[in-house]
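Novice: From first to last, the protein sequence lines are chains L and A. In this text, residue positions in the first sequence follow my numbering: the first is 102, and each later residue adds one. In this text, residue positions in the second sequence follow my numbering: the first is 89, and each later residue adds one.
Calculated from the structure, these hints are not laboratory results. Do not rely on the hints blindly, as some may be mistaken.
[Said to hold, decoys possible] Using C-beta positions, here's what the derived DEER-type ranges look like:
(1) L/Ser174 to A/Thr146: 32 to 40 Å
(2) A/Asn151 to L/Ser155: 36 to 44 Å
(3) A/Gln142 to L/Thr118: 42 to 50 Å
(4) L/Leu177 to A/Ser116: 34 to 42 Å
(5) L/Asn171 to A/Asn151: 39 to 47 Å
(6) L/Thr181 to A/Pro102: 45 to 53 Å
[Unchecked claim] Pairs of lysine to aspartate or glutamate residues, derived as DMTMM-like cross-links and limited to a Cα-Cα distance of at most 20 Å, are as follows:
(7) L/Lys165 to L/Glu188
(8) L/Lys121 to L/Glu188
(9) L/Lys143 to L/Asp189
(10) A/Lys130 to L/Glu123
(11) L/Lys115 to L/Glu188
(12) L/Lys165 to L/Glu153
(13) L/Lys165 to L/Glu123
(14) A/Lys156 to A/Asp115
(15) L/Lys121 to L/Glu164
(16) L/Lys167 to L/Glu188
(17) L/Lys121 to L/Glu153
(18) L/Lys143 to A/Asp127
(19) A/Lys130 to L/Asp189
(20) L/Lys142 to A/Glu91
(21) L/Lys115 to L/Asp189
(22) A/Lys156 to A/Glu91
(23) L/Lys156 to L/Asp166
(24) A/Lys89 to L/Glu160
(25) L/Lys167 to L/Glu123
(26) L/Lys143 to A/Glu91
(27) L/Lys165 to L/Asp189
(28) L/Lys167 to L/Asp189
(29) L/Lys142 to A/Asp127
(30) L/Lys142 to A/Asp172
Note that the Cβ used here is the ideal one computed from N, Cα and C, for glycine as well.
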Amino acid sequence: GAVVSQHPSRVICKSGTSVKIECRSLDFQATTMFWYRQFPKKSLMLMATSNEGSKATYEQGVEKDKFLINHASLTLSTLTVTSAHPEDSSFYICSARVGQGNYGYTFGSGTRLTVV
Amino acid sequence: KQEVTQIPAALSVPEGENLVLNCSFTDSAIYNLQWFRQDPGKGLTSLLLIQSSQREQTSGRLNASLDKSSGRSTLYIAASQPGDSATYLCAVNGNNRLAFGKGNQVVVIP
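Only chain L is shown next, with the shape it has when bound in the complex (with noise of 0.2 Å):
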């Protein structure tokens, strides 16, 4: 099946750095790539959507100044949290479109962000 590879699966930064969160398609292109960010006990919450050569989408209320995404190939999706605070600090997770016509959604195995 279509799989979705996330890296890393978590990363302790201290506050005022930047970390990059990879996606990668594996066995499929993903012209379209989600960003949720997942608080404890809460939905997932929409971040962003790339796709592949253009800008991101935002959310409204996500700053795209701090959210930085980048879809440079149909394979590759990254996010860049700039300046990282212990606010940003949560569960981030990645996710494509599979199929063509009535799809699904493939996600990857997230990412655990700790500012400290």
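Starting from the known structure of chain L, arrange chain A on it as the hints suggest.
Specialist: Same frame as chain L, but now just chain A:
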């Protein structure tokens, strides 16, 4: 805006019992609905995908039904096992975006 509600939020059942997890949504204009499983600290694993034209989907011990007109879906897990312990998420696909519920946290007691 699509609102997705999952009831109950948490439940514990003895091994062998059948599980019934409920999902309701407010906007019936959907493409499909997908059930996922999430283990602690992990990503989402797709369990079943039901198209808007379908009434149910089955995979092994799992069966999901969809009543689009009433905005409801139910996930049935037969003969539960301790390995079924996880959080189950319902995601409604409409207008090219997924709307998630908060999940049903399930514990199956050996």
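Novice: Does each hint fit the structure? Answer for all of them.
Specialist: Verification of the supplied hints:
At roughly 37 Å, the beta carbons of L/Ser174 and A/Thr146 sit within the given window of 32 to 40 Å. For the pair A/Asn151 and L/Ser155, the beta carbons lie near 40 Å from each other, so the given range of 36 to 44 Å is met. Separation of A/Gln142 from L/Thr118 is about 48 Å and conforms to the stated range, judged on CB atoms against 42 to 50 Å. The beta-carbon spacing between L/Leu177 and A/Ser116, approximately 36 Å, falls within the hinted interval of 34 to 42 Å.
One distance hint, 39 to 47 Å for the beta-carbon pair L/Asn171 and A/Asn151, holds here, with the actual separation near 41 Å. Taking 45 to 53 Å as the suggested C-beta distance range, the pair L/Thr181 and A/Pro102 conforms, at roughly 47 Å. Between L/Lys165 and L/Glu188 the alpha-carbon distance is near 16 Å, which keeps this suggested pair within the 20 Å criterion. Annotation: proposed proximity of L/Lys121 to L/Glu188 holds, straight-line Cα distance about 17 Å (limit 20 Å).
The hinted pair formed by L/Lys143 and L/Asp189 meets the criterion: a straight-line CA distance of about 15 Å does not exceed 20 Å. Simply put, A/Lys130 and L/Glu123 have alpha-carbon atoms about 16 Å apart, close enough for the 20 Å limit, and the pair holds. Between L/Lys115 and L/Glu188 the CA atoms are separated by roughly 12 Å; this keeps the pair inside 20 Å, and the hint holds. Restraint check: the Cα-Cα separation between L/Lys165 and L/Glu153 comes to about 17 Å, which is no more than 20 Å; the hinted pair holds.
Distance restraint check for L/Lys165 and L/Glu123: the Cα-Cα separation of roughly 17 Å lies within the 20 Å cut-off, and the hinted pair is therefore satisfied. For the hint linking A/Lys156 to A/Asp115, the alpha-carbon distance of about 9 Å falls within 20 Å, and the restraint holds. Proximity of L/Lys121 to L/Glu164 is assessed by CA-CA distance (about 16 Å); at most 20 Å being required, the pair is judged to hold. As the CA atoms of L/Lys167 and L/Glu188 are separated by approximately 12 Å, the hinted pair is consistent with the 20 Å bound.
Note on L/Lys121 and L/Glu153: the hinted pairing holds, with a Cα-Cα distance of about 18 Å set against a maximum of 20 Å. Of the supplied pair hints, the one linking L/Lys143 and A/Asp127 holds, its CA atoms being roughly 14 Å apart against a limit of 20 Å. Simply put, A/Lys130 and L/Asp189 have alpha-carbon atoms about 18 Å apart, close enough for the 20 Å limit, and the pair holds. At most 20 Å may separate the alpha-carbon atoms for a hinted pair to count; L/Lys142 and A/Glu91 meet this at roughly 16 Å.
Straight-line distance between C-alpha atoms of L/Lys115 and L/Asp189 comes to about 11 Å, which keeps the hinted pair within the 20 Å bound. Taken as a hint, the A/Lys156 and A/Glu91 pair is honoured in the structure, with Cα atoms around 14 Å apart against an allowance of 20 Å. Distance restraint check for L/Lys156 and L/Asp166: the Cα-Cα separation of roughly 12 Å lies within the 20 Å cut-off, and the hinted pair is therefore satisfied. Proximity of A/Lys89 to L/Glu160 is assessed by CA-CA distance (about 13 Å); at most 20 Å being required, the pair is judged to hold.
A C-alpha spacing of about 16 Å is found between L/Lys167 and L/Glu123, which places the hinted pair at or below 20 Å, so the restraint holds. With a C-alpha separation of about 13 Å, the suggested pair L/Lys143 and A/Glu91 falls inside the 20 Å cut-off, and the hint holds. Taking the CA atoms of L/Lys165 and L/Asp189, the gap is near 13 Å; set against the 20 Å cutoff, the hint holds. For the hint linking L/Lys167 to L/Asp189, the alpha-carbon distance of about 10 Å falls within 20 Å, and the restraint holds.
Taking the CA atoms of L/Lys142 and A/Asp127, the gap is about 13 Å. The hint holds against a cut of 20 Å. Among the hinted pairs, L/Lys142 with A/Asp172 is consistent with the structure: their alpha-carbon atoms are about 19 Å apart, no more than 20 Å.
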